[in-house]
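The primary structure of each chain is shown beneath.
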Amino acid sequence: MPLDSSSYSLAQFSTQAAADGSSYLEMGQTKIICTVNGPQESKRGGGSRDQSNAARIETDISIAGFSGVDRKRHGRGDKRTQEMQHTVSSAFSSTLFTHLFPHSTIAIAIHVLSQDGSLLAACLNAATLALVDAGVPMSDYVVACTTGSTASYASNDEEADPLLDLNGLEEQELPFLTVGTSGGEDKVNVLIMETRVQMGRLEAMISVGLDGCKQIRGILDDIVREHGKKALNSRVN
Amino acid sequence: MPSEPAPSTNEREFILAALRENTRLDGRALDAYRPISLTFGNDYGTADVRLGKTRVLAKISCEVATPYPDRKFDGIFTITTELSPLASPAFEVGRQDTPELLLSRLLEKTIRRSGALDTESLCLVAGQKCFHLRATLHVLDADGNLVDASCLALIAALLHFRRPDIEVHGEDVTVFDPREREPVCLTIQHRPFCVSFSYYHAGEVMVQDATLLEEQCREGEVVVSMNRFGEVAQVAKYGGPPVDGLSVLGCMSAALERVKGFDKMVTEKLKEDEKRRDAGGLMAELSAENERPVEGGDRVML
Amino acid sequence: MTSLKRSYASTSPSTTLSSKTYLRTLKSGKVQKIVREVYLRQDIPCSSQLCTACLDLAPVGFHKKADPPVLSATPAATEQLPQGHYIVPDTNAFLSAMDLFESEGVLQDAIVLQTVLEEVKNRSLPLYHRLIALTKNEGKRFYVFFNDFRLETYVRRDAGETINDRNDRAVRKACGWYAQHLEKAVRARKSARCPVVIMLSDDRENVRKGKEDGLPAMNLRDYVAGLPDANRLMDMVATSREGRAARDAKAQMIYPEYVSMSAMLTGVKAGTLHQGVFNVSPYNYLEGSVQVPAFDRSLIVQGRDNSNRAVSGDLVVIEVLPKDQWKAPSSKAIDEEDVNKNETAENEEDEREAIVTEQERRALQEEVRKTHGKGAEGRAQPTAKVVGIIKRNWRQYVGHIDRDSVRSRNKESRAQQTVFLIPMDKRVPKIRVRTRQAAELVGKRVLVSIDSWDRDSRYPVGHFIRSLGELETKGAETEALLLEWDVQYRPFPRTVLDCLPAEGHEWKVPASTDDPGWKGRRDLRDLLVCSIDPPGCVDIDDALHAKQLPNGNFEVGVHIADVSHFVKPNNAMDKEASLRGTTVYLVDKRIDMLPMLLGTDLCSLKPYVERYAFSAIWELDQNADIVRKDFTKSVIRSREAFSYEQAQLRIDDKSQKDELTVGMRCLMMLSKKLRAKRMAAGALNLASPEVRVETESETSDPIDVKTKMALDTNQLVEEFMLLANISVAGKIYEAFPQTALLRRHPAPPKNNFEELSNQLKVKKGMELRTDSSKALADSLDTCVDPSEPFFNTLVRIVATRCMMSAEYFTSGTQSVPEFRHYGLASEIYTHFTSPIRRYADLEAHRQLAAAIEYETLDASLQSKAKLEGVCKNINVRHRNAQMAGRTSVEYYVGQALKGRILEEDGFVMRIFSNGFVVFVPRFGIEGLIRLRDMDGGEGEREPESVFDAENYALQIEWEQGQRKVELFQKVKVRISDEAEESTGKRKIRLQLV
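Heads up: the protein sequence lines correspond to chains R, F and G, in order.
If you read the first sequence in numbering that gives the first Met the number 0, its first letter stands for residue 0, the second for the next number, and so on.
If you read the second sequence in numbering that gives the first Met the number 0, its first letter stands for residue 0, the second for the next number, and so on.
If you read the third sequence in numbering that gives the first Met the number 0, its first letter stands for residue 0, the second for the next number, and so on.
Same shape as in the complex, but just chain R (with noise of 0.2 angstroms):
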């Protein structure tokens, strides 16, 4: 199912001035900010110097309490979250030129403002955003996306087509998987996994979502491409 442009009508550049670097995000229903500071000096641990060459990736992702169905606390300390915030250090810090910025950090701060579905997709996008935003060089955009799968092990149709971007509704029922790309066409950057599904079926689903992710790609960068000739046009005049 080719993906629906218009739901990413509603991503925008900058929209918090006093970071670096900022994004807003939706897909659908899933609503996301995210800022970006850095690369700045490391403040940590105050004495200590850091002495790792390479600047570090911090993510800090915050989701609101309003941001689902039931209102609902969710703690920083989260393992969920903890784990989201890890996957998307990691993601972009094969993209990132870290090694240009020795001794410092770049901190990611994501808000979910809300959520229904593909969650994980959506803040490595709206990441990828901010940090082209933030003027922090990289080698490539990294963009991600869901696929579901609809057919069932029982009934043996293996014929059934994945679903792409799927939506909360979606992520209850089927099996689904988060797959995310950078540095060129089929090459897997991140790949979350969290529901029991059939081997045989991971192909299509992997498959499928880099064409999505390919798409999103194509989304993203028009964007970027927009907001630029803006960006340059306001600085001609």
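Source of the hints: derived by calculation from the structure; they are not laboratory data.
This structure is a prediction, so every number in the text was calculated from the model and none was measured.
Built from N, CA and C at the ideal position, the CB exists for glycine as well.
It is possible that some hints are incorrect.
[Said to hold, decoys possible] Short derived list, chain F residues pointing at chain R, Cβ under 10 angstroms:
1. 97
2. 101
3. 104
4. 107
5. 114
6. 218
7. 221
8. 229
9. 237
10. 238
11. 239
12. 242
13. 244
14. 247
[As the list claims (entries may be wrong)] Residues from chain G that keep clear of chain R, each with C-beta distances beyond 12 angstroms, as calculated:
15. 97
16. 162
17. 292
18. 567
19. 965
Assemble the complex: chain R is given as a structure, and chains F and G must be docked to it using the hints.
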């Protein structure tokens, strides 16, 4: 912050160069595991896994608790991982860092989310009483591939564990002491195992069961959990340099072979343990459900 | 991996986004705001073969395959609609007349709107499943059109508009769009015939509005009237009139609140309320009865509102209803599964549901009418309603998931669903179970327990415990019946090991008679003792011997396994045995009360080895009168273990003249005399339908079913066991007048036989006298139908069911006349002869041992309260063991009949107004034949019938003409087994031939 000393540049170069020629430091094939040993403790629900120098101990315990209000019909199952300084100077007491977080999340996803343990059967009285099953993992020695070893230990311990028998009558629940009534097995729906792959040279070289040294040199890892029927419980590739889609799929089939081996080993070890416990064949004496000659008929009772 | 290289073909459909926001209130009082996005698109095809434009739109699958259009280019024409037509039924058309839509060959080419499909799903899952099946049936050409996702047909709910009105509007809009769309398509093809799109509705308002909008709308009746086969089809619409009314009048009933505990207790004390155990009729789940001391007949509790959440077995407090509401017990068989089969389990988030469903009300109403018509005041029984519950007797229930209540069969789904569990025990209501594994549990035997039953829930709520395995598999069914009858089949606890002799199987009677084990024991190793048991018996409780004394009298000995020597009071093994109460015998299994080491080896009186025994020895004269009796602990050595058959052969074989055989012949002779005496005293000869399952020796798959045969040797053993039990009972009562553990069989209350004796009088002109057991025994002997030899047995079977059940008790709790054993016509009785498999016998052994001063009596056997507890438990265990055994036989009989169709003779045992019960002696099975099953099984209609309650007859008019079915009538039935559609469970089905 104490940390494991990073390998020297020379060492790293050497390992990477060797791997390029499909050679590992300890002479194993790329897809070979170190010798695995699995032993069970005297108590039910204790499993000790050694994978080369890595050693993990899993222990299951169980108590009656109140279920979570939003999960009235489920029992509680928690997995705790303990990475103590005992295993490696990199681990600190009381502080949770990334390796520990990832380990517990992977186990959580592999075993809990995939429904390996049927938590509904741990419910005693909906909304009031349920079993709280705790699994604690102690890493006693860390020399790489903690995830696979921990998962194996945990699954083995769960299969080995016996919970106290219960009886529900009206609105009352009786929990029987193990001496009063033979404790019962948990309901395990399927047995997923984790297989981790470390990759080098942009995913061209995939290595199973990496040692600590190899882990320190790797570019990234892919962790696959599945059961012997090829049902994938979880796949995790947290970022790192991208790899080809095909190599990820390659990991799946390699993992399936490995998982079949794990499954067989656990089954065999459990059988051995049962035999060991039944020294002298006394268990047979305790069986209450016995074959009966088909012809038989009891007398009419007046 | 070709698919990874798949080129990306871009189709960019124009879509618009809309979102749907709504609020909902949860039961907990929480308000949730749900936001859903809706993508409206224009590429959803109409799927008519007439339309070429939509052909290109048809979704192309992952593998480049498009679905062909569903709706025919030349749909059926009728008189009214010569140009052909497509139908668009609305929700209540489907809800009320699903049968109509399912009939083959008519009502084809239908457009099922998404709006309608979803409404059907919310209203009734089973109907939804049927509708989905219809859309998959290629011949019917039912097409699901996703009107809520198509831009042109999407309807936004207006402010103040009810959801029903919006949905109706959506249906009308979709109809309008289809009509226009088709017209355009037809014009493009330049074809002449443009089918009409007809909206079918049973809702007058909707039809009117449709017509207002210029749509061809019709109600079902008018539409069907125009069809070629109108008369036949009209029947299926007939019942669907109430449609809308039922939808609007969503009753908001809840169960009445329970009275407080203190009010109940005062009420019971004052006699305004009554307390008793609530029992539900196995034939009618809506009718229960409660036996209370204040009334000699049991009180009837009819209907769901009167039974007020009581579950069969609960200890309830009831209030008697005014006399004008008294009625006769139901003359109808009502099965919950049939009445409420279209219900949906998942509606707790909905508004409150009606407690009594319309169907249930109707099922009971009819009955009221019928009983009134017959002027049955004489038969009216007091009715009552439950006002409170003293103690729930909920246990774990085995059952299966109602397949139709499962919303999503997707195994990957982790969403929690509410499903119905249908318990194996028909008297227990469906249980609502919330589970995440619904899809996996379908088709399995599962164990659940009830958690609560709130006032506003029609059904109790429970949770899933575990799955026992596939339905109908031996393992699952065996475990299921053990759980249902609460048989403890788990291994013995380990502490029992410590109570077993350390020597294990090597244990032997000490060689030296100075050993403490020999203390007080008589050496009876010289006696020619033998045992007679069923073939293959390994737990041999008893052995016998007899010899003639020089004075012409006989010495007879009954030797019972000395279990009390091994099982000491109050140790772990004793506690376990007292909990288990009895060994349970299934067809192919034995669930032991004692560990095998004791039961089948050390205690078992196996031949050729020395064993400890407890012996009762009598001196009997030629008339089998007791001259002298003596009880002693002993050591015996059994010479032979016979089966009944072998023993019979040995006795009959004249050539055998050895001492053992001679002794056995003495036993035989004496047993006949004992029996004659007992019969003369008024012992009953009762019958129960017992069959034996023959199985293949290796796989133990059942092959055949045989009725049990009784040999003389069976009776021989029985007589001496009775003699021993009676003698021991006297002895222990004499020694412990307050605490002797005895067994009594109360005389049945007179009105228990009322029904049967009336039936016999009306149908056969026979008289049943029930004033004493002797009178009953004699009159039973006269109930003989010369033309039907089985008739007498049939009457005995029915009579047996009218009896009270025998029970254990302690002598101090009853007055001496109450000790009587009615069936055996004995003044006093106990169980002594099977200590390996009955706990009562073990206790009797201990008491007897104390009575003969062999050992001192344990304190637990002197406490009346403790013994009463033991009695109560073993009474229950015995009943359960019997039921479990019976269920096991039933299962095996079912398996033996699997896939076979047989015709057998059967007898009508009971008549209802809507069916009758037939008993088939050949297989010992009993089954209900409902009238509506007689009509070839199709449809829900019952053949016309007249029920004559006074003459126990049912006059039926069915396809084969008139037929009268009467009580006790011999009928030919066809026995087959069929799989139930909704559950996949096999069931034996009887049909009248």
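Quick one, is the residue 218 of chain F hint okay against chain R at 10 angstroms, beta carbons? holds, 8 angstroms
Should the hint that residue 229 of chain F touches chain R count as held when the rule is a Cβ pair under 10 angstroms? Hint on residue 229 of chain F: holds, closest Cβ of chain R at ~4 angstroms, below 10 angstroms.
Residue 237 of chain F was flagged as interface toward chain R. Is the shortest Cβ-Cβ separation under 10 angstroms? holds, 5 angstroms
Interface restraint verdict for residue 244 of chain F against chain R (beta-carbon cut-off 10 angstroms): This interface hint holds because 5 angstroms falls under the 10 angstroms limit.
Given as non-interface: residue 97 of chain G, which should sit over 12 angstroms from chain R by C-beta: holds, 24 angstroms
Residue 567 of chain G non-interfacial with respect to chain R [C-beta, more than 12 angstroms]: The assertion about residue 567 of chain G holds, with a minimum of 54 angstroms to chain R.
Quick one, is the residue 107 of chain F hint okay against chain R at 10 angstroms, beta carbons? Status holds, d = 7 angstroms.
Closest C-beta approach of residue 242 of chain F to chain R relative to 10 angstroms, hint status: Nearest chain R Cβ about 6 angstroms off; hint holds.
Per-residue hint verdict: residue 97 of chain F, partner chain R, C-beta under 10 angstroms: With a closest approach of 6 angstroms, the residue 97 of chain F hint holds.
Holds or violated: residue 238 of chain F as interface residue toward chain R, Cβ cutoff 10 angstroms? holds, 3 angstroms
Residue 247 of chain F as chain R interface residue, shortest Cβ-Cβ below 10 angstroms: holds, 6 angstroms
Proposed interface contact between residue 101 of chain F and chain R, which counts if any beta carbon pair is under 10 angstroms: It holds, given that the least Cβ distance between residue 101 of chain F and chain R is near 7 angstroms, below 10 angstroms.
No hint from the list above goes unmet by this structure.
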